[in-house]
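J.: So the protein sequences, as listed, match chains A and B.
For the first sequence, the residue numbers in this note's numbering are 1 to 247.
For the second sequence, the residue numbers in this note's numbering are 248 to 560.
Please note that the accuracy of each hint is not assured.
As the list claims (entries may be wrong) - No farther apart than 25 Å at their CA atoms in a straight line, the calculated lysine-lysine pairs in the PhoX-like style are these:
id	chain 1	residue 1	chain 2	residue 2
1	B	K533	A	K106
2	B	K295	B	K395
3	A	K119	A	K179
4	B	K518	B	K482
5	B	K342	B	K295
6	B	K414	B	K316
7	A	K119	A	K108
8	A	K215	A	K155
9	B	K451	B	K559
10	B	K449	B	K381
11	B	K317	B	K559
12	A	K134	B	K449
13	B	K451	B	K391
14	A	K155	B	K533
15	A	K108	B	K559
16	A	K134	B	K533
17	B	K381	B	K402
18	A	K134	B	K518
19	B	K533	A	K16
20	A	K108	A	K155
21	B	K533	B	K559
As the list claims (entries may be wrong) - Chain A residues, not near chain B, derived (Cβ > 12 Å throughout):
id	residue
22	G2
23	N20
24	D28
25	D61
26	R77
27	D99
28	S137
29	E145
30	H203
31	V218
32	K220
Claimed, not checked - Partial list, derived from the structure: chain A residues whose beta carbon lies under 7 Å from chain B:
id	residue
33	V50
34	L52
35	Q79
36	T83
37	L84
38	A90
39	F92
40	L95
Everything labelled a hint here was simulated from the structure, so no lab data went into it.
We treat Cβ as the ideally placed atom computed from N, Cα and C, and that holds for glycine.
Residues per chain, in single letters:
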Amino acid sequence: MGILTVKDLTLRLNGKLILNRLNVDFWDGHVHAVIGPNGAGKSTLASTLVGLSGYRDFEGDIEFEGKSIRELGVDQRAQRGITLGWQEPARFEGLPIHDFLRASAKDKSREHIEELLNKVGLDPVNYLYRAVDKTLSGGERKKVELASILAMEPKVALLDEPDSGIDIESIHRIFDAVKVLRELGTTVILITHSLAVLEQAEHAFLMCHGQVVDKGDVKKIRRYFEDKCIPCDHKNIPTQQLIGGQA
Amino acid sequence: MKTQPELINSLYEYTDTDLNLKDPDTAHLVINGNTVIGMHAVPGLDIKVRELEDGIDAMVTLDEGTIVKKPVHLCFGMLPESGIQRIIMNVNIGKNARISLLAHCVFPNAVDVQHIMDARIHIGDGANYSYFEKHVHSPNGGLKVYPKAVVEVGKNAHFKTEFELIKGRVGLIDIDYETSCDDGGVVDMMARISGRGDDIIKIKEVGHLNGERSRGALTSKIAVRGNARAEVYNKLTASGAYARGHVDCKEILQDNGVATAIPIVEVHHPKAHITHEAAIGSVDNKQLETLMSRGLPEDDAVEMIINGLLAKQ
Numbered sequence: 001m002g003i004l005t006v007k008d009l010t011l012r013l014n015g016k017l018i019l020n021r022l023n024v025d026f027w028d029g030h031v032h033a034v035i036g037p038n039g040a041g042k043s044t045l046a047s048t049l050v051g052l053s054g055y056r057d058f059e060g061d062i063e064f065e066g067k068s069i070r071e072l073g074v075d076q077r078a079q080r081g082i083t084l085g086w087q088e089p090a091r092f093e094g095l096p097i098h099d100f101l102r103a104s105a106k107d108k109s110r111e112h113i114e115e116l117l118n119k120v121g122l123d124p125v126n127y128l129y130r131a132v133d134k135t136l137s138g139g140e141r142k143k144v145e146l147a148s149i150l151a152m153e154p155k156v157a158l159l160d161e162p163d164s165g166i167d168i169e170s171i172h173r174i175f176d177a178v179k180v181l182r183e184l185g186t187t188v189i190l191i192t193h194s195l196a197v198l199e200q201a202e203h204a205f206l207m208c209h210g211q212v213v214d215k216g217d218v219k220k221i222r223r224y225f226e227d228k229c230i231p232c233d234h235k236n237i238p239t240q241q242l243i244g245g246q247a
Numbered sequence: 248m249k250t251q252p253e254l255i256n257s258l259y260e261y262t263d264t265d266l267n268l269k270d271p272d273t274a275h276l277v278i279n280g281n282t283v284i285g286m287h288a289v290p291g292l293d294i295k296v297r298e299l300e301d302g303i304d305a306m307v308t309l310d311e312g313t314i315v316k317k318p319v320h321l322c323f324g325m326l327p328e329s330g331i332q333r334i335i336m337n338v339n340i341g342k343n344a345r346i347s348l349l350a351h352c353v354f355p356n357a358v359d360v361q362h363i364m365d366a367r368i369h370i371g372d373g374a375n376y377s378y379f380e381k382h383v384h385s386p387n388g389g390l391k392v393y394p395k396a397v398v399e400v401g402k403n404a405h406f407k408t409e410f411e412l413i414k415g416r417v418g419l420i421d422i423d424y425e426t427s428c429d430d431g432g433v434v435d436m437m438a439r440i441s442g443r444g445d446d447i448i449k450i451k452e453v454g455h456l457n458g459e460r461s462r463g464a465l466t467s468k469i470a471v472r473g474n475a476r477a478e479v480y481n482k483l484t485a486s487g488a489y490a491r492g493h494v495d496c497k498e499i500l501q502d503n504g505v506a507t508a509i510p511i512v513e514v515h516h517p518k519a520h521i522t523h524e525a526a527i528g529s530v531d532n533k534q535l536e537t538l539m540s541r542g543l544p545e546d547d548a549v550e551m552i553i554n555g556l557l558a559k560q
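Just chain A, with the same shape it has in the complex (with noise of 0.2 Å):
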């Protein structure tokens, strides 16, 4: 069954068509990916999804548990249940890893924080207080997102690009992170165009230029990287140029 289903979704920034007509249904407590080239919406279709500034004018619907949530900001859709984490998380300057976590957690506990952190591979003694600043490497800065998804507890998880400026070591300590999201009937949605991503998921959408152009279990779609096509017709054009005139 469906919890977040999107249809006929179309968006254009700054005039440009980038989400064009896309439909798609994300299963109640499943691990979904979302898979395709540059360019083909991904990030944006998770962006419009949590409702951010800039992402709010759209045509089409989103249905959130039967419900349309195209009318709620940001944190109406998080107190609903839908999150999101960040490519490239934000960095907050003198704000404590602690009460960064404490702001969204359930279980407001110093011990429940202290094992989210060991959760995602950060020793709380060294992390409770640092803050999620500049000081932190890309890598720490994402792992601290994810433990604030996971202290979070959401319905819905988007996980844009989960693997972005994380070394091989602590990748594993990642899809860890998303297995406990699963076992908490969390939906996760990954946004990848990475293998090792995709392979974390049970179900998968491969999008381009701003629709959904295949959709099936792991093996169907990671063909998509073992033959480097896509089926479509056209490699590597540039959307505008490919749909300019469409939609």
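On the provided structure of chain A, position chain B as indicated by the hints.
T.: Chain B only, in chain A's frame:
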């Protein structure tokens, strides 16, 4: 009528400070208005105070080589709603001495109060002087604060000051600090202030890196909300070879607040180097939407970001 210990407790209860003024190793000086209500020195540290009509004149001397292990507590405050408190301080830190001061300026009931600080500080060669000043103001904003200091930092000496005004309304604050550094000296000045309502924040910090290999950092972190206004003037000059410095001003604006930053860097030696950065604007949208995507309402998210910026590092 309150006893002196009761008065001290009345001032300190606003500061969130875990204080033990009975500790014989902790020096302190507590002033209410123009009256000394508590004073204790430790070996090597001499504090002489003369009460004035509208404040005090203090002479603080730390002997050469003396290391004061525990922070010295200073508390300047006024419990009444109106009045003037003038603090004149002459501080002389002997060579290779080390001291850290924790100053609280507490005006919890101010409706019409002026607090004027005029300090002259000499830090001897190789000495280390650290001064953290925390202001606690009333919610009325009826306060005018004029902290002024002229600081001489000796060879290889270290001067660090941090000014915090986050609790209560600012009213008017007009900071005017000027420092000069000899060879190898270090000056590190930071101000963190939150303005609301019709508060006015003026900061003028000037550092002169005169000595060879002297170093300086001037940092201001300001939040202005409501109709508050802030003007930050930071100037760092370098005339010593290999002098290094940085000026950093961050101001967050909300509502109808107005913020100005004037960073000036002036280099007089080809082997000196100074950098500056200033950022003024609303709360960063990515930070805001990250917190909102975790379920925080916008106002709470803004508060959290500002609190982070203004937090003690």
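J.: List, from low to high, the hint numbers that the structure doesn't satisfy.
T.: When the structure is compared with the hints, numbers 6, 12, 17, 18, 26, 27, 29 turn out to be violated.
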